[in-house]
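Visitor: The residues making up each chain are set out below.
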Amino acid sequence: MPSTTSLGLIAITVVVFAAGSYLYQRSGKFPVLQPVLIAILAIVIMLLLTGLPYDQYYEGTSALHSLLGPTIVALAVPLFDNLRKARTVLLPLLGSVLLGGLAVTGSALLLGQIFGLDFLMELSLATKSVTAPIALSVAEKIGGSVPLTILSVFTTGILGVIVTPSILRWVNIKDPVVTGFTLGITSHAFGIARSVELGSEAVAFATLGMALMGCGSALLVPTLFRLI
Amino acid sequence: MFGFAFFIGMYLLGNYLSIQFSLPIPGSIIGFGLVFVLLTIRRKVDTPLKEAADSMLRYLALMLVPIGVGVVKLIGAVPPGISKLMLVLVIALVLGGIATAKLTQWLLARYLTSSKDFAVISKDVVFHNVSVGAPK
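Going down the list, the sequences are from chains A and B.
Take the first sequence: its letter number 78 is residue 77 in numbering that gives the first Met the number 0, and every next letter is one higher.
Take the second sequence: its letter number 87 is residue 86 in numbering that gives the first Met the number 0, and every next letter is one higher.
These are computed hints drawn from the structure, not numbers from a lab.
Take the hints with a grain of salt, since some may be wrong.
[Claimed, not checked] DSS-like cross-link-like pairs, simulated, lysine-lysine; straight-line CA separation at most 30 Å:
hint	chain 1	residue 1	chain 2	residue 2
1	A	Lys28	A	Lys173
2	B	Lys83	B	Lys72
3	B	Lys72	A	Lys84
4	B	Lys43	A	Lys173
5	A	Lys28	A	Lys84
6	A	Lys84	B	Lys49
7	B	Lys72	B	Lys43
8	A	Lys28	B	Lys49
9	A	Lys28	B	Lys101
10	A	Lys84	B	Lys101
[Unchecked claim] Label-pair ranges, simulated between beta-carbon atoms:
hint	chain 1	residue 1	chain 2	residue 2	range
11	A	Asn171	B	Ile18	20 to 30 Å
12	B	Leu37	A	Asn171	40 to 50 Å
13	A	Glu196	B	Arg109	40 to 50 Å
14	A	Tyr21	B	Asp53	16 to 26 Å
15	A	Val162	B	Ser82	37 to 47 Å
16	B	Arg42	A	Pro1	27 to 37 Å
17	B	Arg109	A	Arg25	17 to 27 Å
18	A	Tyr21	B	Lys72	46 to 56 Å
19	B	Lys72	A	Ala18	20 to 30 Å
20	A	Glu139	B	Val36	20 to 30 Å
21	A	Arg83	B	Ala4	17 to 27 Å
22	A	Gly50	B	Arg42	53 to 63 Å
23	B	Leu86	A	Leu223	19 to 29 Å
Computed from a predicted model, the values in this text were never measured in an experiment.
Heads up, the beta-carbon is just placed ideally off N, CA and C, and yes, glycines get one too.
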């Protein structure tokens, strides 16, 4: 692919992402209107209209996504900062990520079995509540399908934003710390965006929940799948 | 710039270890773990690392776009059973959310009662927020 085509594709991606960010800000940070979702939708429409094959688009934008790995590594910095600040309640938080994470992933896998989903769908359920970059790394390790993984991760994120806070109120949980942490564990970055409405404390615990759920899943999911 | 090179280096090292010892853990997570251990030993985040991490994480969501567009492959060939997958995602989200919230509430209450330190959560915690949303 000529480098001008590649640059053009990168420019289009950046522009639709910037437009997505603008819409998100203008909507008063409406959690469902994540810039990344708007950008993906716009590019999907563009590919369908122009007939440009996805593989060519993917190859052309490698300058963007090849930095994803190093950026996951950089996530260690905010996790370190947050854990240090939350060290007084670290033990119960780790306990609830471990047990809650098992409930989140375990219930999905079990339901998948009950409903008789095929193997690739079952694999995508294993990381449905994990933040997309980590979920994709895990999918690569366990031989999962990238489109299905993305679909499960984003669907869970969007649904979580819409239903989780009302469901938690329904079971009489009103503490912003607990709600934020749960949003982070079940709905990753979308959960963080939603917890913004619940205050800075909720955001903090949502961030921690997302990071711990991502790390825990990255360690446990491929290990358990290898044992099976 | 040093921080940027450092994170790339640790990612490459993680990838090398993951492949060399055929570990089940992705290379990026091994690199992540190595950096976390180094920070814990050092007990602080040096400025070049902090600056590089902040600027890279600001663009995390943008980097995800080309991969997310991969869902276009599902449009041409919708896999059978996709509606069942959606149903499972909804039920699992409700069950997992309730279980996690109840567990967190119970564990925090137990722990804080035993350590007799109720004010700890609200007073001590001011966090740094990373969001896979818009660059701030």
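Visitor: Hint by hint, work out which the structure violates, then give me just those numbers in ascending order.
Guide: Numbers 3, 4, 7, 11, 13, 15, 16, 17 and 18 - these are the hints that the structure violates, sorted from lowest upward.
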